[in-house]
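2 protein chains.
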Amino acid sequence: MKQKRYFLDEKDLPEQWYNIVPDMVVKPQPMLDPVTRKPVTVEDLSRIFSLEASRQELNATDRWIPIPDKVREMYTYYRSTPLVRAYGLEKALDTPAHIYFKNESVSPVGSHKLNSAIPQAYYCKMEGDTNVTTETGAGQWGTALAYAASVFGIDSAVYQVKLSYEQKPYRRSMMQVFGSQVTASPSMSTRAGKDILTVNPHHQGSLGTAISEAVELARMTPGCKYTLGSVMSHVTLHQTIIGLEAEKQIEMAGEYPDVVIGCFGGGSNFGGISFPFLRHVLDGTRKGTRFVAAEPESCPKMTKGEFGYDFGDEAGYTPLIPMFSLGHKFRPAHIHAGGLRYHGAGAIVSQLLKDGFVEAADISQMDSFAAGTLFARTEGIVPAPESCHAIAAAIREAAACREEGVQRTILFNLTGHGLMDMAAYDQYLAGNLV
Amino acid sequence: MKQKRYFLDEKDLPEQWYNIVPDMVVKPQPMLDPVTRKPVTVEDLSRIFSLEASRQELNATDRWIPIPDKVREMYTYYRSTPLVRAYGLEKALDTPAHIYFKNESVSPVGSHKLNSAIPQAYYCKMEGDTNVTTETGAGQWGTALAYAASVFGIDSAVYQVKLSYEQKPYRRSMMQVFGSQVTASPSMSTRAGKDILTVNPHHQGSLGTAISEAVELARMTPGCKYTLGSVMSHVTLHQTIIGLEAEKQIEMAGEYPDVVIGCFGGGSNFGGISFPFLRHVLDGTRKGTRFVAAEPESCPKMTKGEFGYDFGDEAGYTPLIPMFSLGHKFRPAHIHAGGLRYHGAGAIVSQLLKDGFVEAADISQMDSFAAGTLFARTEGIVPAPESCHAIAAAIREAAACREEGVQRTILFNLTGHGLMDMAAYDQYLAGNLV
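Protein chains in written order, with the working numbering: chain U, 1016 to 1449; chain A, 1016 to 1449.
Hints were generated in silico from the structure; no laboratory data involved. Hints are supplied without guarantee of correctness; some may be wrong.
Because identical chains share one entry, a pair is satisfied inside a single copy or across any pair of copies.
Okay, derived cross-link-like pairs now, BS3-like style, lysine-lysine, Cα gap no bigger than 30 angstroms in a straight line [as the list claims (entries may be wrong)]:
#, residue 1, residue 2
1, 1302, 1319
2, 1263, 1017
3, 1177, 1263
4, 1085, 1263
5, 1140, 1106
6, 1026, 1263
7, 1026, 1106
8, 1017, 1302
9, 1085, 1017
10, 1106, 1085
11, 1026, 1140
Make a model of the complete structure from these sequences and hints.
In structure tokens:
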């Protein structure tokens, strides 16, 4: 019987995250303080983030960053995640390609987001903080932070985009089950929220409003730190656990990927699965591996954005980040893949795109759900709308293999399940999706 | 670092299911035809079930039943499921007990139900059927059958209890994503449904009405067979994969359970995790292992039911089953654990209860959700309302260990996740649950 899934023994779990910056040919440009236009410092950053996260963001000159024991212990609650050979999907596509996916949907919170929520909450706890806060759109990151905070015995407050709070009440419920205090944003609980609601009492919220509220809460509350689920380099660092495991697992299968694919919101899951493989291209031991970021057609920052300094949030509270961006005021269409509705790409990935090490593919919402439905029927997992983009890109690659009559090995990251997104599938099946 | 999760290599997956009947001291009495009062035959049963399922139900004299290769292959899509040491829960309970759970929630459809849906759909396919049908209450079984049918390329029609169809629309969506035709029961699509609706146009449905409709569809449709998700002996047979894996996995942990716990609806998951361990009691190689069925206080067939012949459905279409029952007209309260709202216990478990080999614990709905919420916060999995009953029983056992100052090893079956049941958790957290 052909082997379907590959796991690592717990003793073989990676002990370090991989920091790609030392290996980059051209380093990413520094983040700038928007007022002084000087590079932000660890001191600046640690006013809102934990000190350790700030250090990892700005000072990480080591290639390998040790994973704290306590974080590794919590990783064993769900890691290694399985690497899966998608025999069912391959058969349905009638392709000579070998398709593998890393199944991050098996995490307690249903997505890869927990890989960074655990260390971020842990650092806050270790540094004496009692509270953490963040924003969430689709809800995957908020759920991850809620659970991670609960694990380390600290309180969490999540600002959830109001539209999502109302459309996906069960995401809110999950955060509450994990003990988090969840507020629809914009809210009357912050100055930023009040200002927005004064101008527009019916504002439906955005990641921009929610970030502004969470950052304000962290700034104004002693013992409370802000955390972020993507975009920043330290988040991507934590997510390299995905690629590091996948590298060992695909070796167990006797293979090596020709193409590595991740969906693309802020870049952390894409970087997480790609960078450990990309390091072999950077050090010259592997040639020709392709890295494909699958972004929504309606939010095409990688293919149609411009490279330059831009804010990370709508209100302009964050430092200026050197990145491909559609502009921080860009308002993406209301696609169901809320996690991909972000205007910019993290600094590292942006530099790598500029230098030709990674590429991007635009996926329409219809293609993404068609891919997700086929995947559900053949592999038995209902994928998150975000993950559907990676699946669609993998299907495209597999179709090319069939047309060319070439066997290639495709690896993609299944970031999460879509069990909180069934309303979106309903619309797709009913033909009501555009 | 202490090991948290145990997996089997795919090559070590069980190749046979365990049939407990040959090892039973007193065999279960036969099912009877309600009209002739004679034992039902394979011929009778195979008019609605697949021939192979009918044979397994009535003629299984072998202790070990080979699992077909194709079924084993589909099992590898999610099996072995992890055996998990619940360190987080143990710590929260401050108990000397070692608590393990078998995590069946990682299956593609979110529960253990798939273990039997795969072989049942496979047998139908092999016997030339083109369609399968069934009923579903909570939705776990219907989802499992929808996916299994899709895998083997046959069509499926699921009658979902109308109340559940409307309260849990996302369960319906999942079945539709897997390609199933889902109908709220009672419906106008069958004679049985029409009769019910004529008398009561606002009937909210029950497992009884849905079984009647599905059985009628199977009887009236060439190439269509009926399938069932619990109660029957062949279903429990398929579920022994759970206990057979758990036995190997807990040995990897260097332990053996003192108490084995499963929630109890019709008995298939409870039998599935228990029987492989119970066989060592029956053959005299192990003494003192306890087997606890966790049933809802509001549907106490094991503790307060009577043993005798009763129908499996409300309308009286099924054979008479020798079982502990609250009466086939019993109407359990509308608790959220829809999978446990069944009036009777399967024939084998009923006989074992009668003979003192298994015991039962009654769990209130409040206790079940308190247990489920604690479990979510400590182990990171939001459990199904059904599974919450097993967790509550495990917590009770662990508390006894603490009080007695005794270390015992507790094993329970986590049948499924509760991600489709967040509305129930909402009610619990809001204090609106009775």
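Hints, verified against the model:
Taking identical chains as interchangeable, the C-alpha atoms of residue 1302 and residue 1319 lie at most 30 angstroms apart only when both belong to the same chain, with a minimum of 27 angstroms there against 70 angstroms between chains. With identical chains, the CA atoms of residue 1263 and residue 1017 are at most 30 angstroms apart both within one copy (18 angstroms) and between copies (22 angstroms). In the homo-oligomer, the alpha carbons of residue 1177 and residue 1263 never lie at most 30 angstroms apart, since the shortest distance is 41 angstroms inside one protomer and 48 angstroms across protomers. In this assembly of identical chains, the alpha carbons of residue 1085 and residue 1263 lie at most 30 angstroms apart whether taken from the same copy (22 angstroms) or from different copies (28 angstroms).
In the homo-oligomer, the alpha carbons of residue 1140 and residue 1106 lie at most 30 angstroms apart only across protomers (18 angstroms), although the nearest pairing inside one protomer, at 48 angstroms, exceeds that limit. Taking identical chains as interchangeable, the C-alpha atoms of residue 1026 and residue 1263 lie at most 30 angstroms apart whether they share a chain (13 angstroms) or sit on different chains (19 angstroms). In this assembly of identical chains, the alpha carbons of residue 1026 and residue 1106 lie at most 30 angstroms apart only when taken from different copies (22 angstroms versus 34 angstroms within one copy). Taking the shortest Cα distances, residue 1017 and residue 1302 sit within 30 angstroms of each other inside one copy (29 angstroms), while across copies they are farther apart (39 angstroms).
In the homo-oligomer, the alpha carbons of residue 1085 and residue 1017 lie at most 30 angstroms apart only across protomers (11 angstroms), although the nearest pairing inside one protomer, at 36 angstroms, exceeds that limit. Taking the shortest Cα distances, residue 1106 and residue 1085 sit within 30 angstroms of each other only across copies (15 angstroms), while inside one copy they are farther apart (42 angstroms). In this homomeric assembly, residue 1026 and residue 1140 come within 30 angstroms of each other (Cα to Cα) only inside a single copy, at 26 angstroms, whereas the closest approach across copies is 42 angstroms.
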